[in-house]
Amino acid sequence: MKSTRPMPADKTYIQQRTTTTLSSALWALLKRDLTIAYRHFGELMHPVIFFLIAVSLFPLAINPDPMFLQKIASGIIWVAALLSTMLALDNLFRSDYEDGTLEQLMLTSHPITVLILAKVATHWLVTGLPLIITAPLLGLMLNLPDSAYLALFISLSLGTPTMSLIGGIGVALTVGIRRSGILLTLVVMPLFIPVLIFGTSAVEAASVQLPFSGQLYLLCAMLIFSLSLAPLAIATSLRISLN
Amino acid sequence: MSSQKKTTGRSWTWFHRFGSPEYFYRFAERWGPRSAVVTLLLFLTGLYWGLVIAPPDYQMGNSYRIIFIHVPAAWMSMFTYVIMAVAAGTGLIWRMKMGHIVAKASAPLGAAFTFCALVTGSLWGKPTWGTYWVWDARLTSELVLLFLYFGYIALANAIEDQKSANQAAGVLALVGLINLPIIHYSVEWWNTLHQGSTVSKLGRPSIDTRMLIPLLIMFAAFNFYYVTTLFNRVRCELVDQERRTKWVKELI
Numbered sequence: 001m002k003s004t005r006p007m008p009a010d011k012t013y014i015q016q017r018t019t020t021t022l023s024s025a026l027w028a029l030l031k032r033d034l035t036i037a038y039r040h041f042g043e044l045m046h047p048v049i050f051f052l053i054a055v056s057l058f059p060l061a062i063n064p065d066p067m068f069l070q071k072i073a074s075g076i077i078w079v080a081a082l083l084s085t086m087l088a089l090d091n092l093f094r095s096d097y098e099d100g101t102l103e104q105l106m107l108t109s110h111p112i113t114v115l116i117l118a119k120v121a122t123h124w125l126v127t128g129l130p131l132i133i134t135a136p137l138l139g140l141m142l143n144l145p146d147s148a149y150l151a152l153f154i155s156l157s158l159g160t161p162t163m164s165l166i167g168g169i170g171v172a173l174t175v176g177i178r179r180s181g182i183l184l185t186l187v188v189m190p191l192f193i194p195v196l197i198f199g200t201s202a203v204e205a206a207s208v209q210l211p212f213s214g215q216l217y218l219l220c221a222m223l224i225f226s227l228s229l230a231p232l233a234i235a236t237s238l239r240i241s242l243n
Numbered sequence: 244m245s246s247q248k249k250t251t252g253r254s255w256t257w258f259h260r261f262g263s264p265e266y267f268y269r270f271a272e273r274w275g276p277r278s279a280v281v282t283l284l285l286f287l288t289g290l291y292w293g294l295v296i297a298p299p300d301y302q303m304g305n306s307y308r309i310i311f312i313h314v315p316a317a318w319m320s321m322f323t324y325v326i327m328a329v330a331a332g333t334g335l336i337w338r339m340k341m342g343h344i345v346a347k348a349s350a351p352l353g354a355a356f357t358f359c360a361l362v363t364g365s366l367w368g369k370p371t372w373g374t375y376w377v378w379d380a381r382l383t384s385e386l387v388l389l390f391l392y393f394g395y396i397a398l399a400n401a402i403e404d405q406k407s408a409n410q411a412a413g414v415l416a417l418v419g420l421i422n423l424p425i426i427h428y429s430v431e432w433w434n435t436l437h438q439g440s441t442v443s444k445l446g447r448p449s450i451d452t453r454m455l456i457p458l459l460i461m462f463a464a465f466n467f468y469y470v471t472t473l474f475n476r477v478r479c480e481l482v483d484q485e486r487r488t489k490w491v492k493e494l495i
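One line per chain: the protein sequences are C and F, in this order.
Position one of the first sequence corresponds to residue 1 (my numbering), numbered consecutively onward.
Position one of the second sequence corresponds to residue 244 (my numbering), numbered consecutively onward.
Since the hints were derived computationally from the structure, they do not count as laboratory data.
Here the structure is a predicted model, which is why all the values come from computation and not from measurement.
C-beta atoms are modelled at their ideal positions from N, C-alpha and C, and glycine is treated no differently.
There may be inaccurate statements among the hints.
[To be verified] If you want a taste of the chain F side facing chain C, the calculated C-beta under 7 Å gives, among others:
| # | residue |
| --- | --- |
| 1 | Ser407 |
| 2 | Asn422 |
| 3 | Ile426 |
| 4 | Trp433 |
[Unchecked claim] Counterexamples of contact, computed for chain C against chain F with all Cβ distances above 10 Å:
| # | residue |
| --- | --- |
| 5 | Leu30 |
| 6 | Tyr38 |
| 7 | Asn63 |
| 8 | Pro145 |
| 9 | Pro211 |
| 10 | Ile224 |
| 11 | Ser237 |
All chains, please: the whole structure from these sequences, using the hints.
So this is what it looks like as structure tokens:
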């Protein structure tokens with residue numbers, strides 16, 4: 001910005017100023033977020049490490065018997081993935097909120113819902129994807145039957161982005177609050193329940209070699225539903241929080 | 244101030260007047276005590292009829308009588324959530340402050356109804372199912388409803404700026420309203436997937452008229468109780484949120 005004088009919010013003026021197209025803006029945002037995530041590589045590993053630790057608590061606390069673990073493996077992995085996603089959510093808008101980037105994003109002429117979608121997508125890439133990659137390892141530790149791995153992979157691939165999107169609403173609502181850790185959990189956790197139910201039920205069905213496509217279809221429906229509606233809710237919530 | 248304006252011919256103007264905090268306060272002040280009297284009468288009749296006059300159930304004996312608290316409470320728990328979300332939506336869409344205030348005042352009531360339904364349900368479950376708690380679909384979705392209320396209350400109280408708090412909580416109420424049917428059906432499906440047919444509901448015969456009438460009276464009583472308490476809570480909330488306005492200063 002060269003001009004020192006505030007220019008009128010004239011439409012032609014805005015159109016002249018916005019030389020970036022939407023796709024280049026999205027690409028820039030994606031690259032920026034990924035770079036930031038990569039520069040904080042240690043932080044990047046936190047959700048995965050949490051995932052590992054949380055899962056390994058269950059055999060210690062309940063019963064290390066392989067046959068027993070096999071029965072509850074799907075539930076443990078899914079609950080741990082849910083908790084890990086939720087803890088990672090806090091970073092989604094926090095730093096951008098604190099350094100003012102979020103306000104700048106809201107001021108661009110690009111549709112904010114699309115930008116939000118890009119932000120959630122990058123966030124999922126750096127927090128959700130590592131979970132999906134680690135999950136088979138944990139399945140191995142919990143003696144998950146071979147037939148369940150495919151269902152585990154697909155259900156987590158559909159479920160974690162859904163949770164990121166729904167959770168994004170909670171983050172956007174609480175981003176203005178200083179210590180929002182537990183509050184975010186309170187707000188968001190009940191909304192995760194359907195995803196958890198169908199995720200575990202798909203893996204469970206697969207581990208006893210039952211068809212599991214029904215659950216996956218439902219997970220898919222939830223993903224599409226949240227893909228279309230969550231960005232709107234996140235945008236509204238961010239506007240309220242920035243206010 | 245000028246709420247006494249003559250409004251003839253326009254049928255919706257009465258509705259707009261409720262958007263004025265002062266008008267709503269006066270209205271609640273006037274009708275709250277009357278509603279309280281009706282509530283008391285309905286409760287006394289309903290409880291006496293239900294607990295004394297209505298015949299015992301042929302299967303469950305007298306233990307079924309908790310139905311007169313349990314079913315209205317469970318119904319009110321969901322009804323209150325819908326009212327809360329609709330009020331919050333009104334507040335968000337038309338920027339009516341009253342909508343937010345009604346929503347915020349409803350939330351603790353709804354949570355109380357849900358809690359009441361859960362407690363009476365588990366007390367009823369002991370003699371009929373033999374256990375205080377089963378992971379039955381209805382019980383579980385009622386529990387999740389309680390969590391949704393807790394989330395709403397927590398959020399509404401956590402944000403310091405009153406306006407942002409109202410709006411943020413309103414968004415959450417709407418998101419919860421969209422999610423409620425999804426949660427309900429997924430829980431129902433989960434239950435049937437897991438355990439086939441559960442211990443649920445001893446084939447309940449369609450209810451006898453002698454039991455239905457007191458049940459309906461109890462429904463009315465719970466509704467009036469909700470209205471009475473809502474009016475009181477709204478008045479407190481109004482005085483708190485509008486404390487800087489002239490009419491509140493004149494009031495106190």
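Results for each hint:
Because the smallest distance between the Cβ of Ser407/F and any Cβ of chain C comes to about 5 Å, under 7 Å, the interface hint for this residue holds. Interface restraint check for Asn422/F: the shortest CB-CB distance to chain C comes to about 5 Å, inside 7 Å, so the restraint holds. With a least beta-carbon distance of about 6 Å to chain C, the hint placing Ile426/F at the interface is held under the 7 Å criterion. Of the supplied interface hints, the one on Trp433/F holds, with its beta-carbon coming within about 4 Å of a beta-carbon of chain C, less than 7 Å.
With a least CB separation of 26 Å from chain F, Leu30/C remains clear of the 10 Å interface cut-off, as annotated. Look at Tyr38/C: its CB is around 32 Å from the nearest CB on chain F, clear of 10 Å, so calling it non-interface holds up. The beta carbon of Asn63/C is kept farther than 10 Å from every beta carbon of chain F, the shortest such distance being approximately 20 Å. For Pro145/C, the shortest C-beta to C-beta distance to chain F comes to about 18 Å, beyond the 10 Å cut-off, and the non-interface label holds.
Consistency note on Pro211/C: stated as away from chain F, and its beta-carbon is indeed over 10 Å from all of that chain's, at 12 Å minimum. Residue placement check: Ile224/C keeps its beta carbon more than 10 Å from all beta carbons of chain F (closest about 13 Å). The non-interface label for Ser237/C is inconsistent with chain F: the shortest C-beta to C-beta separation is roughly 5 Å, within 10 Å.
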